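All chains should be modelled from the sequences, with the hints used to inform the complete structure.
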Amino acid sequence: MVLKKRKYEEQLAIHPHPKPFLFNDRCWKVVFSWLSPVELVICEQVCKRWKLMLEKLDERLWKPLVQKDFKIIVNRLPDSFRSWKVMYGCRKNLKTGVHDFISLNTNGVLEAGTWADIRPRTLEHVRFKTGGYRQAVDFPAHRRYICALPVIKDHSDKVILYNNYIFYPSDTLIYGRHLLNGRKIALTGHSAPVVQMKDNGNGVLISLDKINSLLVWDISALMDSVPIAACTSILGFNGDVLSFDLFKDHISVLFTNGTIAVWEIISGALISLFSLIQPYVELLKIPSRIVLGEEFLAIGVNSGDTLLFERHKANSTSMLKYNYILTKSFKENEVSDHGQTHSPYTMILESNFIITNGAFPDELTFWRIKPSQPANSCGNLYTSASLMAAREFEMPSLVKHVKRGYSISELKSMERYSIAIPQLGDIQVSKMDIDHTMIASYSAPTDNSRRRLLVWDFRVDRQRNRYFEYVLLGNIGMWLVFDDVQ
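Position one of the sequence shown corresponds to residue 1 (the UniProt record's numbering), numbered consecutively onward.
Please note that a few of the clues may not be correct.
To be verified - Label pairs and their in silico Cβ distance ranges:
#1 I211 with S351: 30 to 38 Å
#2 R183 with A269: 29 to 37 Å
#3 Q67 with V31: 15 to 23 Å
Since the hints were made in silico from the structure, they are not lab data. All figures in this text were calculated on a predicted structure; none of them were measured in a lab. Glycine included, every Cβ here is placed at the ideal spot set by N, Cα and C.
What follows is the structure, encoded as structure tokens:
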């Protein structure tokens with residue numbers, strides 16, 4: 001046994017066990033080139049080394065896939081994509097019909113009318129967001145226009161589109177009409193004419209009348225015309241309602257005296273209450289507006305400023321749940337074409353950016369925002385000065401004007417940029433769809449122009465946009481589509 005063991009050790013000394021074999025970069029290129037897109041994505045999850053190597057080989061691996069699967073010849077990566085992999089994913093979504101429509105809660109943009117697939121493709125179904133989940137609904141595609149049904153005599157921006165229903169006010173009533181079978185229902189509850197309406201895309205509608213009565217409706221249960229709640233406590237404030245907004249289950253209200261209140265929908269409890277400082281109160285006029293988000297609240301005033309408030313938990317001694325603290329006030333440095341300042345007509349607030357009108361009426365500006373992270377996180381009440389010091393919010397003085405959009409992921413690496421839309425004219429209102437991928441912008445008619453609706457997808461490098469013009473054919477108004485234009 002001793003001799004056998006010694007002989008085995010001598011053999012090990014002469015022929016040691018081989019070390020693990022590692023491919024060099026050239027071999028990895030060959031191996032990865034054999035894999036499908038799905039397999040490449042899986043390989044990124046194996047280990048950090050593979051992930052870094054796949055990022056290094058991005059152009060070599062994903063560029064041929066883009067050219068092969070989508071039959072396009074691209075010599076260089078477009079500026080709106082950070083990698084060839086991202087470009088492949090965006091093209092894949094468009095090819096399979098994902099997000100290939102404008103959702104129905106772009107209220108105020110599509111006027112009083114039905115809608116159809118804005119980009120004619122081979123869609124058999126479109127998807128609506130109902131009750132917090134997605135449901136496939138049969139709906140005709142391949143339509144190259146949006147026809148305005150004669151349900152409202154005059155143009156109105158107080159229109160809510162939910163599933164196959166269109167809701168519009170008429171004096172003290174709110175009517176809901178089914179766009180396919182013509183069924184009509186009425187929501188009764190107001191004792192004065194309705195002046196404003198908004199919804200959250202999940203079956204909750206808010207309506208405001210001339211005597212400041214704010215009612216909340218559950219339109220997901222269309223058979224029931226009774227409001228689910230009524231925020232009558234706003235009558236206790238000294239001031240008329242100037243603007244309000246709805247985000248998930250919270251309602252924010254801006255009063256003419258500068259008071260801002262936030263309620264919970266179901267309980268009706270007041271969770272936040274604060275006021276603007278006096279210089280901004282004097283600037284509160286129509287169309288000053290309020291926008292509510294997850295972590296932020298924004299108010300546009302007639303000086304052209306956008307006031308950004310950040311939400312923080314109130315201290316234990318407060319009767320309220322949250323405090324909103326002014327974090328930043330920003331506006332464009334340029335002078336408006338009209339030589340005057342005005343409140344932004346467009347305000348779209350998301351978790352990491354806000355979209356407003358620029359200094360020029362035919363421009364949209366994206367501002368990047370970041371929640372502050374103070375060092376002391378014990379729930380204390382912070383002053384505006386301390387938050388400003390703890391907050392990272394940079395705004396370059398130069399604005400790059402481009403005619404293409406950017407994906408939301410790319411907005412994380414940008415602080416600010418603008419999109420000029422010269423063929424649209426003055427932008428009156430813009431809405432983002434519920435999937436946060438497409439924006440519809442509506443321009444008011446001037447002396448020598450028609451109403452226009454521009455729809456664009458800022459996930460994709462779109463040198464050209466698709467727009468619609470509102471025309472009257474006989475007694476029926478419709479949106480005529482114009483193929484992509486510069």
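A quick look at each hint next to the structure:
no. : hint                       : verdict
1   : I211 with S351: 30 to 38 Å : holds (35 Å)
2   : R183 with A269: 29 to 37 Å : holds (36 Å)
3   : Q67 with V31: 15 to 23 Å   : holds (21 Å)
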